[in-house]
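> What follows is the residue order along each chain.
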Amino acid sequence: MFRCLLTILIFMSVGPVAFAEDMKLAVTTSFHNSGLAEVLLPEIEADTGITVHLLVVGTGQALRLGAAGDVDAVLVHARAAEDSFIAKGHATHRREIMYNDFVFIGPVSDPAKLSAASTATEALTSIATTQSSFVSRGDDSGTHKKEMSLWDAADVTPEGNWYKSVGAGMGAALNTASGLNAYIMSDRASWLNFGNKGGLAVLYAGDPMLFNQYAYMPVNPANHPHVKAELAAQLETWLTSDRARILINRYQLSGEQLFTFNATVAQQD
Amino acid sequence: MSELTQGLIQAFWLVVTLDPDLVEITLRSLQVTLCALAIACLIALPFGAYLAVQRFRFRRTVIAVINALMGLPPVVVGLIVYVFLSRSGPFGVMGLLFTPTAMIIAQVIIIVPLITSIAHQSLRDLWAEYHDLLISMNTTRRQRIVTLLWDGRRALLTASLAGFGRGIGEVGAIMIVGGNIDHATRVLTTAIALETGKGNFALALALGFILIALAITVNLLIHWLSRTETGGRW
Amino acid sequence: MVSALFPLQAIGATVRRKDKTLVGPVDLALGAEGITIVIGPNGAGKTSLLKMLHGIVRLSAGQVTWACTTPEAQARQAFVFQTPVMLRRSVLENLIYPLRLAGMPKAQAIAQAKDWAARIGMAEATSRSALVLSGGERQKLALARALIRAPDVLFLDEPCASLDGRAMREIEALLEQANQEGTRIIMSTHDMGQARRLATEVVFILQGKIHEFEPAGDFFASPVTAKAAAFLKGDIID
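Protein chains in written order, with this note's numbering: chain A, -18 to 250; chain B, 61 to 294; chain C, 11 to 248.
Treat each hint with caution, since some may be false.
As the list claims (entries may be wrong) - Restraint ranges, calculated between C-beta atoms of paired labels, are given here:
1) K28(C) x R120(B): 17 to 27 Å
2) G179(A) x H243(B): 28 to 38 Å
3) H243(B) x V137(A): 38 to 48 Å
Don't read these hints as lab results, they were simulated from the structure.
Please read these numbers as outputs of a predicted model, since none were measured by experiment.
Note that CB positions come from ideal geometry on N, CA and C, so glycine has one too.
Chain A with its partners taken away, still in its complex shape (with noise of 0.2 Å):
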């Protein structure tokens, strides 16, 4: 039987995957979750030949992922932390790809009266004066940077019963504001591609503030001379060209645009 055993093993023990022309790329999983990933990875790889592996995760482990060499290359929506991990070296430089947007998200009975409001920080004092339960994703993600500039700048200070930071993802938290049937800040297309919607709907979208900017930022060869930094160059220059703002601008979901190409062909420092 142990004979046997071993022989299917031998049988499975396909040694690790060499990764010949591919790169690895971390993205923040608001990004993977609005599906554009599915449609420029394929474009990717017949343009470029180059096989990119996504690294979903939160952005403060994909910023740790490529401090540590471990990715080629990062995507992430949260300007400081980009800034710091620019000035530590990490990265040779930033460059803006495109922008979605955050969106309010909650009971369609809408006791805080969100649909009223007219800016961001009024449809956040709004749900701190009236209780509502709101959920935060707590996990330090660039989403969650995000919900704190906002609440800074409706010079509010979230806290109480009504404020749950639940340290999740955006679709753990999604899930955790369905079921508590409580206000939310989402990304849009993490929202429009989320199966468990139950009693919630958008209830205020469309201020500037609320722009979501991503960049992509090449890991820094002189701190780790093993990274892919030729492809990592290619894949940007890939980003940032006319195809790319093609694919990005025509992307949908439901109907709705979701991303808007923003990146300047003549930024690179």
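Since chain A is already given, all that's left is putting chains B and C on it; use the hints.
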């Protein structure tokens, strides 16, 4: 509740149509866990037998530590393996992070204490039975270990199946060291976590049902193999 | 052939567990030939004495020496326990086991094991599990497994304690034959009839100490001590 039925229906169709993505991640799940199981058994079974036959100074401490390690959260194992395999870690140059090999390493660490502990417990009882005879026969330590491993093989099979169960259902560690990369390191459990995160409960449940079915199949298969091997003699 | 192991010499040999002395101090010299029967009331230390001479319990004091080195002597002894220990294998595999331990090639070991299975009347049962055997079959198998390597000395601890007459007769026949073929036998029993049938010399043990050690004829005809006489008469002694 409707999600459960939807999940069952979806699981059924995924299996019937032999969905290529499903086949791929299922095979990878099996590959990772069976490799980890084989390596873990090679370490844990002789070690469990050694702990049963040999008296040494810190034996009780070693056993206590192993029993404690059984409860080690996989996420912690994953982080430790990540730190070692990371490009900035001591074994970074080997480039093992985000490969099935890294996942196998993490699972070996998770299941070795479990298998060792169960193997030791059952072999300890067998050793109590055999002790006088084997000592009287003037056996070497190696012969004693081999005898216990062979005569206790049915109990050891249970121990290894427990290890398989823990390995195949594990998600915390392999998520960190494998990275859940599509077509490279995605397995059933990490796919379930991903779909749950997307709120696709039905698909997540479908994958869960397939995982359960897979575990049951492997258990039955191994029991059947062991029965044909002993040929009704017992 | 006279064994190179003897004389066996015990000098002040003692086994204690915690504060209780199980056996000893024992001073004893055993020659190369015959069947030594150890008798004495329950709890006198018969089992401990045999295990001590066999070397599977650690001595607390004194020493047990053979004419050759201890490792050599250990390789040429066997022990049959009161409750036979069956390996969880078939009858044949139980018989093969000691031969394979000694490094005998598999084919030869199988042939020899089959031969021995026939000698104990179990030629038809070689593929049965040893765990399903009756008490008498188990003890015969344990005896065959002990004798299969033709040990120079065989220790037996009340091997017939719970056997019927037929099994006892078969076992005694095997023992006498083995003795004729040169295996020194040292055996404990509480069955005086068996002791009279088999013994060439008798060790009478009481409270862990050797009370009397005589040739069998002398012992049964005229025991030296009053306690031995009382024991033989069937009185309860301690």
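> A separate judgement is required for each hint: does it hold in the structure or not?
Hint check:
1. With their beta carbons about 19 Å apart, K28(C) and R120(B) fall inside the hinted range of 17 to 27 Å.
2. The hinted range of 28 to 38 Å is satisfied by G179(A) and H243(B), whose Cβ atoms lie roughly 32 Å apart.
3. Between H243(B) and V137(A) the beta carbon distance is about 45 Å. The supplied range of 38 to 48 Å therefore holds.
Of the numbered hints listed earlier, not one is contradicted by the structure.
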